Amino acid sequence: DVKVTQSSRYLVKRTGEKVFLECVQDMDHENMFWYRQDPGLGLRLIYFSYDVKMKEKGDIPEGYSVSREKKERFSLILESASTNQTSMYLCASTSAGAEIRETQYFGPGTRLLVL
Amino acid sequence: QKEVEQDPGPLSVPEGAIVSLNCTYSNSAFQYFMWYRQYSRKGPELLMYTYSSGNKEDGRFTAQVDKSSKYISLFIRDSQPSDSATYLCAMKSDYKLSFGAGTTVTVRA
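Protein chains in written order, with my numbering: chain A, 35 to 149; chain B, 2 to 110.
Hints should not be assumed to be uniformly reliable.
[Said to hold, decoys possible] Sample of chain B residues lacking proximity to chain A, with all beta carbon distances greater than 10 angstroms (derived):
1. Gln7
2. Glu16
3. Gly17
4. Asp59
5. Phe62
6. Gln65
7. Arg109
8. Ala110
[Said to hold, decoys possible] In silico DMTMM-like pairs for lysine to aspartate or glutamate, Cα to Cα no more than 25 angstroms straight-line:
9. B:Lys71 <-> A:Glu106
10. A:Lys89 <-> B:Asp84
11. B:Lys71 <-> A:Asp60
No lab work stands behind these hints, which were simulated from the structure alone.
Being a predicted model, the structure only gives us computed values, none of them experimental.
Virtual Cβ for every residue (Gly too), placed ideally from N, Cα, C.
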């Protein structure tokens, strides 16, 4: 079974703090993704990575950065947290195999509250 | 305009009813069409996927794709309280998935 884990289920931070969200997958997947999920907006892609040290901007990268130093780990960084970054953050991974199997496996999510 | 439109509901049905969910999309480059189920306080899990127009069945679930109309549907037959969840449609082109907003479904016992 694919397992995607996220370092925290709930986080409370103050405006201006630097926030690190960690994601680890155990299936040797090449591709990893960070989304945020907000009511009425669904999942929106922040950043993704298709290889170690590679990253690509998603649809809403502003205010975020990422780091992928090892294949199994993909970190999302909020350099200076703001209240509009209060959200559910979801990490996902997928293999770069045949198209039909390229489904994304999601972690349980981190609910971040910025005060 | 969003690439993927999905009515957020909520939708409440009695046990045993047929649940009908749908999404429309605007990007002709989408190649694969998926439905994810998300229980409260959990990450989404893949329910069904398809890549061609037509119907695909899996137990009580039927996914339908109409590429000419850019419209996809998910039907749940004989719905159960355990089907209560948020259902998200998703569509894939290249590496990325584009998601609908999700429809929250409650099946009343």
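Here's how the hints hold up against the structure:
1. Gln7: violated (7 angstroms)
2. Glu16: Answer for Glu16 of chain B: holds, closest chain A Cβ roughly 26 angstroms.
3. Gly17: holds (29 angstroms)
4. Asp59: holds (14 angstroms)
5. Phe62: Fine: 15 angstroms to the nearest Cβ keeps Phe62 of chain B off the interface.
6. Gln65: holds (18 angstroms)
7. Arg109: holds (22 angstroms)
8. Ala110: The claim stands: Ala110 of chain B keeps its Cβ more than 10 angstroms from every Cβ of chain A (closest is about 26 angstroms).
9. B:Lys71 <-> A:Glu106: Cα-Cα ~36 angstroms, so violated.
10. A:Lys89 <-> B:Asp84: Distance ~36 angstroms between Lys89 of chain A and Asp84 of chain B Cα, so the pair is violated.
11. B:Lys71 <-> A:Asp60: violated (36 angstroms)
Going down the numbered hints, you'll see the structure goes against 1, 9, 10 and 11, while the others check out.
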